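Chains as they are written, first to last, in my numbering: chain A, 1 to 667; chain B, 1 to 294; chain C, 1 to 190.
Honestly, the hints are just simulated from the structure, not real lab data.
Just to be clear, a hint being listed does not mean it is correct.
List time: in silico EDC-like cross-link candidates among lysine to aspartate or glutamate, alpha-carbon distance up to 20 Å [unchecked claim]:
no.: 1; chain 1: C; residue 1: K173; chain 2: B; residue 2: E115
no.: 2; chain 1: B; residue 1: K20; chain 2: C; residue 2: E135
no.: 3; chain 1: C; residue 1: K104; chain 2: C; residue 2: E188
no.: 4; chain 1: B; residue 1: K205; chain 2: C; residue 2: D48
no.: 5; chain 1: C; residue 1: K173; chain 2: B; residue 2: D42
no.: 6; chain 1: B; residue 1: K117; chain 2: C; residue 2: E135
no.: 7; chain 1: C; residue 1: K184; chain 2: B; residue 2: E115
no.: 8; chain 1: A; residue 1: K399; chain 2: C; residue 2: D30
no.: 9; chain 1: C; residue 1: K158; chain 2: B; residue 2: E115
no.: 10; chain 1: A; residue 1: K42; chain 2: A; residue 2: E100
no.: 11; chain 1: C; residue 1: K143; chain 2: B; residue 2: E204
no.: 12; chain 1: A; residue 1: K476; chain 2: B; residue 2: D187
no.: 13; chain 1: C; residue 1: K184; chain 2: B; residue 2: D100
no.: 14; chain 1: A; residue 1: K185; chain 2: A; residue 2: E443
no.: 15; chain 1: B; residue 1: K246; chain 2: B; residue 2: E204
no.: 16; chain 1: A; residue 1: K532; chain 2: A; residue 2: D554
no.: 17; chain 1: C; residue 1: K186; chain 2: B; residue 2: D166
no.: 18; chain 1: C; residue 1: K186; chain 2: B; residue 2: E115
no.: 19; chain 1: C; residue 1: K161; chain 2: B; residue 2: E271
no.: 20; chain 1: A; residue 1: K440; chain 2: A; residue 2: D425
no.: 21; chain 1: C; residue 1: K143; chain 2: B; residue 2: E115
no.: 22; chain 1: A; residue 1: K476; chain 2: B; residue 2: D203
no.: 23; chain 1: A; residue 1: K172; chain 2: A; residue 2: D292
no.: 24; chain 1: A; residue 1: K399; chain 2: B; residue 2: D97
no.: 25; chain 1: A; residue 1: K399; chain 2: A; residue 2: E443
Since the model is a prediction, treat every value here as computed from it, not as a measurement.
Spelled out, the chains give:
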Amino acid sequence: MSERIGVYVCHCGTNIAGKVDIDEVVEFAKGLDDVTLVREYKFMCSDPGQSLIQKDIEDGLINRVVVASCSPLMHEKTFRNVCTRGGLNEYLFTMANIREQCSWVHVDVERTTDKAKDLIEAAVRRTRLQEPLTKREVPINPRTLVIGGGIAGIQAALDLADAGKNVVLVEKEPSIGGHMAKFDKTFPTLDCSACILTPKMVSVGQHENIELMSWSEVEDVGGYVGNFNVTVRKKARYVDVDLCNGCGACWEKCPGTRVPRKGNVHEKLSLGPVTSIFIPFMQAVPAIPVIDAETCIRFKNGKCGICAEVCERNAIKYDMEDELVEFEVGNIILATGFQPFDPAQIGNYGYGIFDNVLTAVEFEIMNCASGNTGGNILMADGTEPKSIGIVHCVGSRDKNYNEYCSRVCCMYALKYAHLIKEKIDAEVYDFYIDMRCFGKGYEEFYDRLLGEDVRFVRGKVAEVTEVHLEEAERGKLVVKVEDTLVGSIRRIPLDMVVLCTGLEAHETLPAVANLCNVSIGKDGFVIEKHPKLGPVATATDGVFIAGACQSPKDIPDTVAQASAASSAVLSMITREKIEIESATAEVNEDKCSGCKICNTLCPYLAIKYDEEKGVSVVNEALCKGCGTCVAGCPSNAISAKHFQNNQILAEIEGILRSSSGQAGILA
Amino acid sequence: MATKQSYIYYPGCSAEATGKPYEISARAVCEHLDIELKELADWNCCGATAYLSVEDIASMAVAARNLAIAESTGLDLITPCSACYITLSKVDHYFEDYPDIRTKINNALSAAGLEYKGGVNVRHLLYVFSEDIGMERLSGMVRADLSLRVAPYYGCQVVRPFTERDSPDVPFAMDEIISALGGDVVDYPLKTKCCSGALIGIDEKTALGLAKPLIECAVRSGADCIVTCCPLCQLNLDAYQYKINKVYGTNYHIPVLFFTQLIGLAFGIDEGRLGLNMNIVPYRPAARAKGASG
Amino acid sequence: MNTHKLKQKAIDKDFLDEIAHLPGGERIIDCFQCGTCSGSCPTAHVMDHTPRRLFAMVKAGFREDVLNSNTYWYCTSCYICTVRCPRQIKITDVMYALKRIALKERYVRRKNAAGAFYSSFVDIVERDGRSFEPELMVRFMLKTDPTLLLKNAVLGLKLMKHGRLPIRRNRIKARNELRAIIRKAKSESL
Ligand SMILES: Cc1cc2nc3c(=O)[nH]c(=O)nc-3n(C[C@H](O)[C@H](O)[C@H](O)COP(=O)(O)OP(=O)(O)OC[C@H]3O[C@@H](n4cnc5c(N)ncnc54)[C@H](O)[C@@H]3O)c2cc1C
Ligand code: SF4
Ligand code: SF4
Ligand code: SF4
Ligand code: SF4
Ligand code: SF4
Ligand code: SF4
Numbered sequence: 001m002s003e004r005i006g007v008y009v010c011h012c013g014t015n016i017a018g019k020v021d022i023d024e025v026v027e028f029a030k031g032l033d034d035v036t037l038v039r040e041y042k043f044m045c046s047d048p049g050q051s052l053i054q055k056d057i058e059d060g061l062i063n064r065v066v067v068a069s070c071s072p073l074m075h076e077k078t079f080r081n082v083c084t085r086g087g088l089n090e091y092l093f094t095m096a097n098i099r100e101q102c103s104w105v106h107v108d109v110e111r112t113t114d115k116a117k118d119l120i121e122a123a124v125r126r127t128r129l130q131e132p133l134t135k136r137e138v139p140i141n142p143r144t145l146v147i148g149g150g151i152a153g154i155q156a157a158l159d160l161a162d163a164g165k166n167v168v169l170v171e172k173e174p175s176i177g178g179h180m181a182k183f184d185k186t187f188p189t190l191d192c193s194a195c196i197l198t199p200k201m202v203s204v205g206q207h208e209n210i211e212l213m214s215w216s217e218v219e220d221v222g223g224y225v226g227n228f229n230v231t232v233r234k235k236a237r238y239v240d241v242d243l244c245n246g247c248g249a250c251w252e253k254c255p256g257t258r259v260p261r262k263g264n265v266h267e268k269l270s271l272g273p274v275t276s277i278f279i280p281f282m283q284a285v286p287a288i289p290v291i292d293a294e295t296c297i298r299f300k301n302g303k304c305g306i307c308a309e310v311c312e313r314n315a316i317k318y319d320m321e322d323e324l325v326e327f328e329v330g331n332i333i334l335a336t337g338f339q340p341f342d343p344a345q346i347g348n349y350g351y352g353i354f355d356n357v358l359t360a361v362e363f364e365i366m367n368c369a370s371g372n373t374g375g376n377i378l379m380a381d382g383t384e385p386k387s388i389g390i391v392h393c394v395g396s397r398d399k400n401y402n403e404y405c406s407r408v409c410c411m412y413a414l415k416y417a418h419l420i421k422e423k424i425d426a427e428v429y430d431f432y433i434d435m436r437c438f439g440k441g442y443e444e445f446y447d448r449l450l451g452e453d454v455r456f457v458r459g460k461v462a463e464v465t466e467v468h469l470e471e472a473e474r475g476k477l478v479v480k481v482e483d484t485l486v487g488s489i490r491r492i493p494l495d496m497v498v499l500c501t502g503l504e505a506h507e508t509l510p511a512v513a514n515l516c517n518v519s520i521g522k523d524g525f526v527i528e529k530h531p532k533l534g535p536v537a538t539a540t541d542g543v544f545i546a547g548a549c550q551s552p553k554d555i556p557d558t559v560a561q562a563s564a565a566s567s568a569v570l571s572m573i574t575r576e577k578i579e580i581e582s583a584t585a586e587v588n589e590d591k592c593s594g595c596k597i598c599n600t601l602c603p604y605l606a607i608k609y610d611e612e613k614g615v616s617v618v619n620e621a622l623c624k625g626c627g628t629c630v631a632g633c634p635s636n637a638i639s640a641k642h643f644q645n646n647q648i649l650a651e652i653e654g655i656l657r658s659s660s661g662q663a664g665i666l667a
Numbered sequence: 001m002a003t004k005q006s007y008i009y010y011p012g013c014s015a016e017a018t019g020k021p022y023e024i025s026a027r028a029v030c031e032h033l034d035i036e037l038k039e040l041a042d043w044n045c046c047g048a049t050a051y052l053s054v055e056d057i058a059s060m061a062v063a064a065r066n067l068a069i070a071e072s073t074g075l076d077l078i079t080p081c082s083a084c085y086i087t088l089s090k091v092d093h094y095f096e097d098y099p100d101i102r103t104k105i106n107n108a109l110s111a112a113g114l115e116y117k118g119g120v121n122v123r124h125l126l127y128v129f130s131e132d133i134g135m136e137r138l139s140g141m142v143r144a145d146l147s148l149r150v151a152p153y154y155g156c157q158v159v160r161p162f163t164e165r166d167s168p169d170v171p172f173a174m175d176e177i178i179s180a181l182g183g184d185v186v187d188y189p190l191k192t193k194c195c196s197g198a199l200i201g202i203d204e205k206t207a208l209g210l211a212k213p214l215i216e217c218a219v220r221s222g223a224d225c226i227v228t229c230c231p232l233c234q235l236n237l238d239a240y241q242y243k244i245n246k247v248y249g250t251n252y253h254i255p256v257l258f259f260t261q262l263i264g265l266a267f268g269i270d271e272g273r274l275g276l277n278m279n280i281v282p283y284r285p286a287a288r289a290k291g292a293s294g
Numbered sequence: 001m002n003t004h005k006l007k008q009k010a011i012d013k014d015f016l017d018e019i020a021h022l023p024g025g026e027r028i029i030d031c032f033q034c035g036t037c038s039g040s041c042p043t044a045h046v047m048d049h050t051p052r053r054l055f056a057m058v059k060a061g062f063r064e065d066v067l068n069s070n071t072y073w074y075c076t077s078c079y080i081c082t083v084r085c086p087r088q089i090k091i092t093d094v095m096y097a098l099k100r101i102a103l104k105e106r107y108v109r110r111k112n113a114a115g116a117f118y119s120s121f122v123d124i125v126e127r128d129g130r131s132f133e134p135e136l137m138v139r140f141m142l143k144t145d146p147t148l149l150l151k152n153a154v155l156g157l158k159l160m161k162h163g164r165l166p167i168r169r170n171r172i173k174a175r176n177e178l179r180a181i182i183r184k185a186k187s188e189s190l
């Protein structure tokens, strides 16, 4: 039976038609072997465009389809669906990319047109040899893994659990809560952070649909969308979770300490006990301590054991070991959040050199009523500062460190200015480059602060020094800055300096992202599927993102994204099944010599050796059709469906022996 | 011991004049360590800040003449002078970064039958001590008790902008050397602030205004002496100290040593061979290490 | 600091482009006016305009005012601005470029000490291939303010006494070659 190929050339408005002579291309396509029909249309992806193809198939005019338009990433799915609707196997369709690879990247109309012809000829030759494949469906496991228990992970887990779906929430710290658990008040409304967060944390801890694994890390992820196999390492807590009731007797008596001694008030800027056995803060969920083996005296030299002595529940288990648990989930939400920029890198800001230069997170903790200063703003010597400087953009908007804007620091800087003014009688300087107050109620908050006697100085701080040039500067921290609005250089003596350190992706993100097969951008954050239209999905099906692991963001945006991610997961789960790619690899059992080389090559562990038959076998559910094994097999025994050698060679021939006469594509 | 370390050595113009004690002590100390400094054949002035302020390609080509001559030796080009170091490095960077400049420089060099290919590693003498010789070897050579409190003054151009390992704000190479020699490094936060050496001849008032805090801060921190690695900085802080006293009514007399002089003292090399008598503010016996210079 | 009225009428829209085409000037367009450079600059307090403001003026095209200012003459080439600039602008290189333009176009104010110092230095180097500090200082002082000779006599004596002022000047052997290089280079100036 001879093939009847239909070629459809898209104008894409002027995107293609502006650079490619459509008429000429149409004439050319008409002359190609087996092409029975050529049409052009302004927008092939539009409803009428799609109907054109569908109707031609239904009318029996064609039995293979080539659409010359944009990239497959954009619309392959659209046109495959058209084929299916028309009753044609979708694998008999090929897309020729004459936009991204052609009209968008070349200038000369004549040569661009030639290249479009080459690409179409290649597609036509390939289509002729394509074979129908059957679609495969796999069930979706309704359980979801959430990695990271900050506000993003908490929100996503609760949304899913409330919808009746099972969730495993893995958090690497002893408690969930993330950064929000360290804050006193939150901008712009100044609600108490603990008051709004604690109830959510408690719900997570109690929810029948949530399995919380704290002090745990994801060790391995295998499988594919709908059916991921996960391995989690539950780190040894040395406390039996079932026995401990969180009484606190152990950490009250523990002589070990996790914090290096500075010998001043700032020494213990920590919310929870600083002992070796500890909970990170009082509202911790679970409220069960962990022994830090690095600093525990017993682990160092065996000369302690107090916690076991005082524990009335006999919950302390020094011989506990890490435990590996394996389970299956259908989808994964990444919510690993951020870590603050380390300002010690910026020598001229004196962090780590001067006692009273603090990071924002340290200042948050100092302001927390449950912190060790009882929420009082104190200098290292225990006295109250008379003047405080707040420095914006530390490590952000700076090509020497991070180029991006961290988005929340302008606002938390204003929050600090307000808190200081509210709590103590100190002069407040706020050094900023641009005041970024874009969220709901944010500009209004700035407006409020403008009325609160804060000295705003527009200029990036050049340095913080203790060297005094005048008597008034003696014993102070001096901030050197250009007041750019006035145009003068100023030296401002202050008692305390707070550095508004930026947000960086969590240091564990690269490893976790690698396990989940998602990419990290040059800024260190996860790359979303589409910056506008797919902000919670990733390029890997079944892996979603929420919160600050995607980019710096405030709590409102984090929560919104977390709910969006959980609803995307719910939509997957509700479908119950998902179609997966049919273009998989296939082992020709007659040719396979049983060398097992492919078994180790496959990045998705999809090939197993069949002892009985003495050959390797591809597990179609796991195979992604990447082709690694095809290229690696020394006996030429593996082929990839839809990417058969003859199909690819035909495509290459189409380009090289192009009727246009010029190998434009090589240019 | 391993094979003899040798370098191509570029003394810089000040070596014959105001920087003479640096030159003398650097050679003495290197000889003591069995390090060979092969003086670059018929080297010319690097052009410093001045030439680049007047001419672009000409200043670069003149500096590059030195690089072209050094290239054939295949050795690292070492200079003790921070200004020479930065000027030569800068030309090297321009040469790498701008193909246009590269061509023009070589066109100019060809007038003297020279060509520069871009392969010279320009380094400051300080980093030869801190990286190649290393603290272990230095401390192993110490013969004299150096109970001195020392303010390490780096100045600008050795740490900016071309430093690779050291921080441009809080460098540590010289601090480490001083400690290895048995000296006490005092807290000296102004260690990389500009001494205004480039302005001293041009606008003395402004320049002294910049140099004064450097002295003041060292004295305040209890230092017995300042140690530096740049002939211009040394001149500025040493020879002009009396002017600072005159203008500001102060009475500073803190010795300003080259780091090579300090090393020499610690090694027990004779003072005469270290050019110490050439320092303007005398390195007084009171502040002198017990037993130094036998 | 002198923040006198700028000459609106003399705006030169190509000035930014002119600077951007000089080595190191490429990124000046990226300046977001944060003031890190000025706050770090050791001599900003004596400059007519701070480095940041100077860059705003370059971007706006105030060519005359930029070149007439003393800002870049006060640059000591300490590079602290360059290493700290969050936009990685090669500020010090731009200052050098401005000096060259100013000298070439004789924007140099009468008695501009820096200009005189630099040209004295260059004269000697172009002649001998080496600098000669005593001659440099004398030439420079004669050019700008001869009373300086007297004011610096003590300093000169101190240096001489300590063996740090040579009497004989140093010259390289390949002076002719050097001059050939310079001649050729000048004909290829940027
Ligand atoms: C100083 C400061 C003040 C702020 N103030 C406010 C404010 O007032 N209002 C406001 O709206 N926003 C504020 N923010 C922003 C707010 O902190 C973030 O929006 C929010 O914390 C983001 O939540 P998250 O869950 O994405 O990340 P995080 O809070 O960072 O939580 C991530 C969690 O994931 C865990 N994790 C990381 N890696 C792994 C791993 N590999 N495996 C398992 N678990 C992992 C972490 O331990 C952590 O518990 C502030 C930020 C800072 C820095
Ligand atoms: S381990 Fe024992 S002492 Fe410690 S909190 Fe639990 S029950 Fe209390
Ligand atoms: S055994 Fe370790 S954790 Fe327990 S009380 Fe002693 S130091 Fe603390
Ligand atoms: S949010 Fe404000 S302080 Fe933070 S990086 Fe952006 S501009 Fe700077
Ligand atoms: S094509 Fe081969 S290597 Fe690639 S996923 Fe499938 S079986 Fe594994
Ligand atoms: S530091 Fe850089 S960005 Fe900031 S004002 Fe100066 S030149 Fe512009
Ligand atoms: S290099 Fe020049 S402009 Fe930059 S800080 Fe130093 S003196 Fe100022």
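Consistency of the hints with the structure:
1. For the suggested pair C:K173 and B:E115, the alpha carbons sit about 19 Å apart, so the restraint of at most 20 Å is met.
2. Of the pairs offered as hints, the one joining B:K20 and C:E135 holds, with about 17 Å between alpha carbons and a cut-off of 20 Å not exceeded.
3. Note on C:K104 and C:E188: the hinted pairing holds, with a Cα-Cα distance of about 15 Å set against a maximum of 20 Å.
4. With a CA separation close to 17 Å, the supplied pair B:K205 and C:D48 stays within the 20 Å bound.
5. Distance check on the hinted pair: C:K173 and B:D42 sit about 6 Å apart at the alpha-carbon level, within 20 Å; holds.
6. Of the pairs offered as hints, the one joining B:K117 and C:E135 is violated, with about 35 Å between alpha carbons and a cut-off of 20 Å exceeded.
7. Distance hint between C:K184 and B:E115 is fulfilled; the C-alpha atoms sit about 14 Å from each other, no more than 20 Å.
8. For the hint linking A:K399 to C:D30, the alpha-carbon distance of about 11 Å falls within 20 Å, and the restraint holds.
9. Between C:K158 and B:E115, the direct Cα distance comes to roughly 43 Å. Violation of the 20 Å bound is thereby established for this hinted pair.
10. With a CA separation close to 17 Å, the supplied pair A:K42 and A:E100 stays within the 20 Å bound.
11. A C-alpha spacing of about 16 Å is found between C:K143 and B:E204, which places the hinted pair at or below 20 Å, so the restraint holds.
12. Proposed proximity of A:K476 and B:D187 is supported: the alpha carbons are some 16 Å apart, at most 20 Å.
13. Proximity of C:K184 to B:D100 is assessed by CA-CA distance (about 15 Å); at most 20 Å being required, the pair is judged to hold.
14. Between A:K185 and A:E443 the alpha-carbon distance is near 18 Å, which keeps this suggested pair within the 20 Å criterion.
15. Restraint check for B:K246 and B:E204: satisfied, since their Cα atoms lie roughly 13 Å apart, inside the 20 Å limit.
16. A C-alpha spacing of about 18 Å is found between A:K532 and A:D554, which places the hinted pair at or below 20 Å, so the restraint holds.
17. Between C:K186 and B:D166 the CA atoms are separated by roughly 36 Å; this puts the pair beyond 20 Å, and the hint is violated.
18. With a C-alpha separation of about 17 Å, the suggested pairing of C:K186 with B:E115 holds against the 20 Å cut-off.
19. Restraint check for C:K161 and B:E271: satisfied, since their Cα atoms lie roughly 18 Å apart, inside the 20 Å limit.
20. Annotation: proposed proximity of A:K440 to A:D425 is violated, straight-line Cα distance about 29 Å (limit 20 Å).
21. Simply put, C:K143 and B:E115 have alpha-carbon atoms about 37 Å apart, too far for the 20 Å limit, and the pair is violated.
22. With a C-alpha separation of about 31 Å, the suggested pair A:K476 and B:D203 falls outside the 20 Å cut-off, and the hint is violated.
23. Between A:K172 and A:D292, the direct Cα distance comes to roughly 13 Å. Compliance with the 20 Å bound is thereby established for this hinted pair.
24. With a C-alpha separation of about 19 Å, the suggested pair A:K399 and B:D97 falls inside the 20 Å cut-off, and the hint holds.
25. A threshold of 20 Å between alpha carbons decides the hint, and for A:K399 with A:E443 the separation of about 27 Å lies outside it, so the pair is violated.
Hint compliance for this structure: hints 6, 9, 17, 20, 21, 22, 25 are broken, all remaining hints hold.
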